[in-house]
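S.K.: The chain contents come next:
Protein chains: 2
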Amino acid sequence: MQLTVSSDIALRTLIYLGQRDAPVTISEVAEECGVSKSSLMKVVMTLVGANLVLSERGRNGGICLAQEAGNISIGSVIRLMENSLALVECMKDSPSGCPLLPSCRLKPILNSAQEAFFSTLDNHSLADLLKK
Amino acid sequence: MQLTVSSDIALRTLIYLGQRDAPVTISEVAEECGVSKSSLMKVVMTLVGANLVLSERGRNGGICLAQEAGNISIGSVIRLMENSLALVECMKDSPSGCPLLPSCRLKPILNSAQEAFFSTLDNHSLADLLKK
Chain A
436 MQLTVSSDIA LRTLIYLGQR DAPVTISEVA EECGVSKSSL MKVVMTLVGA NLVLSERGRN
496 GGICLAQEAG NISIGSVIRL MENSLALVEC MKDSPSGCPL LPSCRLKPIL NSAQEAFFST
556 LDNHSLADLL KK
Chain B
436 MQLTVSSDIA LRTLIYLGQR DAPVTISEVA EECGVSKSSL MKVVMTLVGA NLVLSERGRN
496 GGICLAQEAG NISIGSVIRL MENSLALVEC MKDSPSGCPL LPSCRLKPIL NSAQEAFFST
556 LDNHSLADLL KK
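Those sequence lines, one after another, are chains A and B.
Note that this note's numbering has the first sequence beginning at 436, numbered continuously upward.
Note that this note's numbering has the second sequence beginning at 436, numbered continuously upward.
Pulled out of the complex, with its shape left as it was, chain A reads as follows (with noise of 0.2 angstroms):
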């Protein structure tokens, strides 16, 4: 039971950024949160693309947080950055392959563990990381 490595590079830079009081470089992120320059760039796009994080062009630009960490909460960051929610096959999109599927009750008790994992997530946000 991991998250993807996404999620994983996706939390160290938001709570990198919210650590920072002005834009900083990809490099510098990357440097400092121990990722590649590739990985980040996709993770990045991901944030900007959900509002989370601003790039901002020029001399002085860079990334930075795109709103109050207390507005940001772990669960919906970590719901952006999973490709799949689909713990086991029957829980995908298109399910495939397990012969018990038509009398089987064990996907609404998965979903509902996935929806307790996310409630507590839900209720913290990036500033409860970023707390000394």
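Be aware that a few hints might be false.
Any copy, or any two copies together, can satisfy a pair, since identical chains are not distinguished.
[To be verified] In the DSS-like style, the derived pairs of lysine-lysine whose C-alpha atoms are separated by at most 27 angstroms in a straight line are:
#	residue 1	residue 2
1	Lys-472	Lys-542
2	Lys-472	Lys-527
3	Lys-542	Lys-566
Hints listed in this document are in silico derivations from the structure and should not be mistaken for laboratory results.
Being a predicted model, the structure only gives us computed values, none of them experimental.
Since chain A is already given, all that's left is putting chain B on it; use the hints.
M.R.: Relative to the frame of chain A, chain B by itself:
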């Protein structure tokens, strides 16, 4: 966010065994659950080791549940089958690679979310999956 294939196979196997009154062969389980015999063998060894499945030798031998379905919690099955419960790097036994770790407050929040996930599953037993 997904569970390992081993968890998926273990759940299918236990559901199938819970629907049968007599021991069944590995070949039958593999075919009826749509999984490879070699993957199934590994999972069954783990389930036998955890006293969830009994393996009986002989002419009428095969595998069957070692306990009442009502005593097998879904949470315990998934905890057993997942190689690692480390959602991200810093939750590993020997974390490395995240320079933010010393001051990061993410780990306890992810731990509590994961606990909420398993608490939900602990409230459901294999018997809940077998109800018609």
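S.K.: For each hint, tell me whether it holds in the structure or not.
M.R.: Consistency of the hints with the structure:
1. Lys-472 x Lys-542: between (38 angstroms within a copy, 24 angstroms between copies)
2. Lys-472 x Lys-527: Cα proximity of Lys-472 and Lys-527: across copies only (23 angstroms, versus 31 angstroms in one copy).
3. Lys-542 x Lys-566: Cα proximity of Lys-542 and Lys-566: across copies only (14 angstroms, versus 37 angstroms in one copy).
Checked against the numbered hints listed earlier, the structure breaks none of them; every hint is satisfied.
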